[in-house]
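A.B. asks: Listed below, chain by chain, are the residues.
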Amino acid sequence: GENVEQHPSTLSVQEGDSAVIKCTYSDSASNYFPWYKQELGKRPQLIIDIRSNVGEKKDQRIAVTLNKTAKHFSLHITETQPEDSAVYFCAARPGDYKLSFGAGTTVTVRA
Amino acid sequence: GAVVSQHPSWVICKSGTSVKIECRSLDFQATTMFWYRQFPKQSLMLMATSNEGSKATYEQGVEKDKFLINHASLTLSTLTVTSAHPEDSSFYICSARGGARTFSYNEQFFGPGTRLTVL
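Going down the list, the protein sequences come from chains D and V. All the letters of the first sequence, read from the start, carry residue numbers 44 to 154 under the working numbering. All the letters of the second sequence, read from the start, carry residue numbers 3 to 121 under the working numbering.
FYI, nobody ran anything at the bench for these hints, they're computed from the structure. Check before you lean on any hint, since a few could be wrong.
[Said to hold, decoys possible] Capping the alpha-carbon separation at 27 Å, the derived lysine-lysine pairs in DSSO-like fashion look like this:
(1) V/LYS43 - D/LYS85
(2) V/LYS43 - D/LYS114
(3) D/LYS111 - D/LYS141
(4) V/LYS68 - V/LYS16
(5) D/LYS141 - D/LYS85
(6) D/LYS114 - D/LYS80
(7) D/LYS141 - V/LYS57
(8) V/LYS22 - D/LYS85
(9) D/LYS141 - V/LYS22
(10) V/LYS66 - D/LYS141
(11) D/LYS65 - D/LYS141
(12) D/LYS101 - D/LYS80
(13) D/LYS114 - D/LYS100
(14) V/LYS22 - V/LYS66
(15) D/LYS141 - V/LYS43
(16) D/LYS141 - V/LYS68
(17) D/LYS80 - V/LYS43
(18) V/LYS16 - D/LYS85
(19) D/LYS100 - D/LYS111
Use the sequences and the hints to build the structure in full.
C.D. replies: Next up, the structure:
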């Protein structure tokens, strides 16, 4: 099955700086790559997603890039704010199948 | 967007009892529902996938006789933890997805989760 690796496990950034989280996947059939933000005790919230026919997608301060050849995708958060502090999960889905999640990255934005 | 609810939001029970968790899709028909378990500081681990009217497909290592899943309608799935023990204490999250060619097909919509504590 699909195996998703995520790095780093923790990330501390100064407010206003950028944060980058990287994920790799194993199944070349994966074609859907969502990113979720989860606050303590809450549900995962979809913040951005990208499909395999697109190399980059941006939504305000958040962007995701995808390199199908290398099988990796990254989340970029610019101008970080304290409210960006949370756990972020990447995921990959081959075709119509189930999502496989990365281990998560705890992001702390220092004021 | 699509809304998924879960009930209860938290439950405390004694060891050996059974607990039922409900997951409902409020504004779309959930062809497929997923049940996840999340331990503290860990990722979401898929327990099982269920399609309406069919038996659930369990992930390797998940006991189907302990975690009973019913997806009897397009808006409701239930997870029953039978003979719960302290090691079953966790955050249980459901997720739902609609049928092909519907607005709710392309992504999974998560419920708010249920915190289970077994004493």
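A.B. asks: Now tell me if each hint is right for this structure.
C.D. replies: Going down the list of hints, with the structure as the test:
no.: 1; hint: V/LYS43 - D/LYS85; in the structure: holds (13 Å)
no.: 2; hint: V/LYS43 - D/LYS114; in the structure: holds (26 Å)
no.: 3; hint: D/LYS111 - D/LYS141; in the structure: holds (19 Å)
no.: 4; hint: V/LYS68 - V/LYS16; in the structure: holds (16 Å)
no.: 5; hint: D/LYS141 - D/LYS85; in the structure: holds (21 Å)
no.: 6; hint: D/LYS114 - D/LYS80; in the structure: holds (22 Å)
no.: 7; hint: D/LYS141 - V/LYS57; in the structure: holds (16 Å)
no.: 8; hint: V/LYS22 - D/LYS85; in the structure: holds (20 Å)
no.: 9; hint: D/LYS141 - V/LYS22; in the structure: holds (24 Å)
no.: 10; hint: V/LYS66 - D/LYS141; in the structure: holds (18 Å)
no.: 11; hint: D/LYS65 - D/LYS141; in the structure: holds (21 Å)
no.: 12; hint: D/LYS101 - D/LYS80; in the structure: holds (16 Å)
no.: 13; hint: D/LYS114 - D/LYS100; in the structure: holds (16 Å)
no.: 14; hint: V/LYS22 - V/LYS66; in the structure: holds (14 Å)
no.: 15; hint: D/LYS141 - V/LYS43; in the structure: holds (22 Å)
no.: 16; hint: D/LYS141 - V/LYS68; in the structure: holds (22 Å)
no.: 17; hint: D/LYS80 - V/LYS43; in the structure: holds (14 Å)
no.: 18; hint: V/LYS16 - D/LYS85; in the structure: holds (24 Å)
no.: 19; hint: D/LYS100 - D/LYS111; in the structure: holds (14 Å)
In this structure, none of the earlier numbered hints is contradicted; all agree with it.
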